[in-house]
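Each chain, written out:
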Amino acid sequence: MLILVKFAKDKPAVLGAAIVLAVVAMAILAPLIAPYPGDVAASHLLQRLKPPSPEHPFGTDNLGRDILSRVILGARGALMIALLVVGISMAIGVPLGLIAGYQQGWLSQTIMRVTDIFLAVPQLILALALAQLMGPSLESAMLALTLTYWPFFTRIVYAETRRLAAALFIDALQCIGAGASRILFLHILPNAISPIIVRATIGMGFTILVAAVLGFLGMGATPPDPDWGLAIAESRQYLPEAWWFSTFPGLAIFLTVLGFNLLGDGLRDIVDPRLRRSR
Amino acid sequence: MLGFVVRRLILVIPSLAGLLVLTFFLIRVVPADPAAALAGENATPAQIAEIRHQYGFDQPLLVQFGVYLAQVARLDFGESAYSRRPVSVDIKQRLPATLELTLAALIFATALGIPLGTLAAVYHNRWPDTVLRILSVGGVAIAAFWFAIELQLVFAMDLGWLPLRGRLSPGLAPPALVTGFYLIDSLITGRLDAFGDALRHLILPAFTLSLGGLATITRFTRAGVLDTLQKDFVTYERAQGFPAGPLIWKFVLRNSVVAAITQIGLLFGGLIAGAVVVETIFDWPGIGFYTVQAILTADTKVMLAITLLIGVIYAFVNILVDVVHGLIDPRLREND
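In the order they appear, the protein sequences are chains A and B. First residue of the first sequence? That's 1 in the numbering used here, and the numbers climb one at a time after it. First residue of the second sequence? That's 1 in the numbering used here, and the numbers climb one at a time after it.
No wet-lab data here; the hints were simulated from the structure.
Looking from chain A toward chain B, a few residues come up when the C-beta cut is under 7 Å (computed):
{"no.": "1", "residue": "LEU124"}
{"no.": "2", "residue": "ALA212"}
{"no.": "3", "residue": "PRO240"}
{"no.": "4", "residue": "GLY250"}
Ideal placement from N, C-alpha and C gives every residue a C-beta, glycine not left out.
If we strip away everything but chain A, and leave its shape as in the complex, we get (with noise of 0.2 Å):
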């Protein structure tokens, strides 16, 4: 109870909170309250390049479609991408933090050098490489982002294993015979999932982002998905006379991104008060 009166007092993180809510419902309800759902593929020639009016509140795109319906529609897209990128990358970074964190010698040594060369690489130059060798498509843009996010939780997750490894508690485990799967999963998993649930939150939004770059450099949805960035990169020939064709679709992106950090924030301020907001 404590940490909700806490979290309640913390007015930028509620406000990401309620976004991450909203674009949550928005993704889950988008056939149901985008105004035309059939936008997804269907064109509308005589109706293309309108701006904002009653019938379209963000106007039309190029092909006569409602660019309100396909923000909303997107978000599906998005919160896709960032939930699958996010969810494997843990699946792969925890379990080698927590090998490396709890090993000694040459196995523990391997895993944190193999982490350190894919930190060192810069992570959009990685990610749009790959999606490139791949060739451009979604999936190949995710197993990208898959591909240079997973150190990050390997490093957090090794950190917070080396601290632990130390405690008594672990000692005494040990002592009475305990498994090192057991104290692995049991005990330091459970006791270091608040820095993990942090990044993951902030990475969410950091995914969103890198993938809307991809999509803008046209490496990863492919058309007519109804894209953010995609939609940034088609709206670049109309402009400037069609500024609703890009701004809409970026004001969704940067409302989605900031919702996430501003409740990773607030998470972390919970979790850690010694770090005061510093990062």
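Go by the hints and put chain B onto chain A.
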């Protein structure tokens, strides 16, 4: 101190070697056929085979890697399949443009971020702090490519105050080459027209690129100033009636910016990666623009050279940060 620097340099070698192996094998192992990509869509199988042979793609992987290593040692990265010129010449020609853009963004982020962070700390948990916190989280949340387009839309297309793209207006001769930085070269050679034009072209891309760094520097300055404000000497000076303005802007700030300065160093690597997006949108003729062209045309030699270049810059900046730390705090040198 020299020993400290040398030890840091030696530590970098295994990561750079690993980086080289990793990138090379990723590019060779992933399926797309670089020879087919180079040959174009209408190429016959014979033409593709010819290109495969010409570029050495038919050799065993280890042989290809060995050849590549020998070339890297001579700083010979081969010929770009895209521009048909040596990769090292292309990079050398484009690097100053990226550095000028990156440094401008860094200077802007520092000059604005340190005062804003101090302001947030002084008004801790009051409205300026909350506003700045939302803004600094927002600075990281904004998609740079979208923000750049919106800036172009407002300041270049609608208002017409600033140029849309490029480093100089078409038709204006670039200043004589001294450093490769247009702002510096135009001043040295007395080309004030080129200086003004280059500055106007720099504003939008540098501002876009600076956003993430601005947010980070603001946050670290805020944390540092908050910490220092708790110190006894501040309480003492306040009790003595020392005016708050000079106390904060001179003494507190000077004791607080160390962590922020470390971040400035670390940001540099991130800025170079961010330049990929910003340069693409503003047609800025630097490394980032070149990287995207290389990736779009599956130009593996350029991609390897650039990844390596950025890896070296990252490593070098990290060493620099460590050395600055060592200079500030001698205990770090002893404990090493």
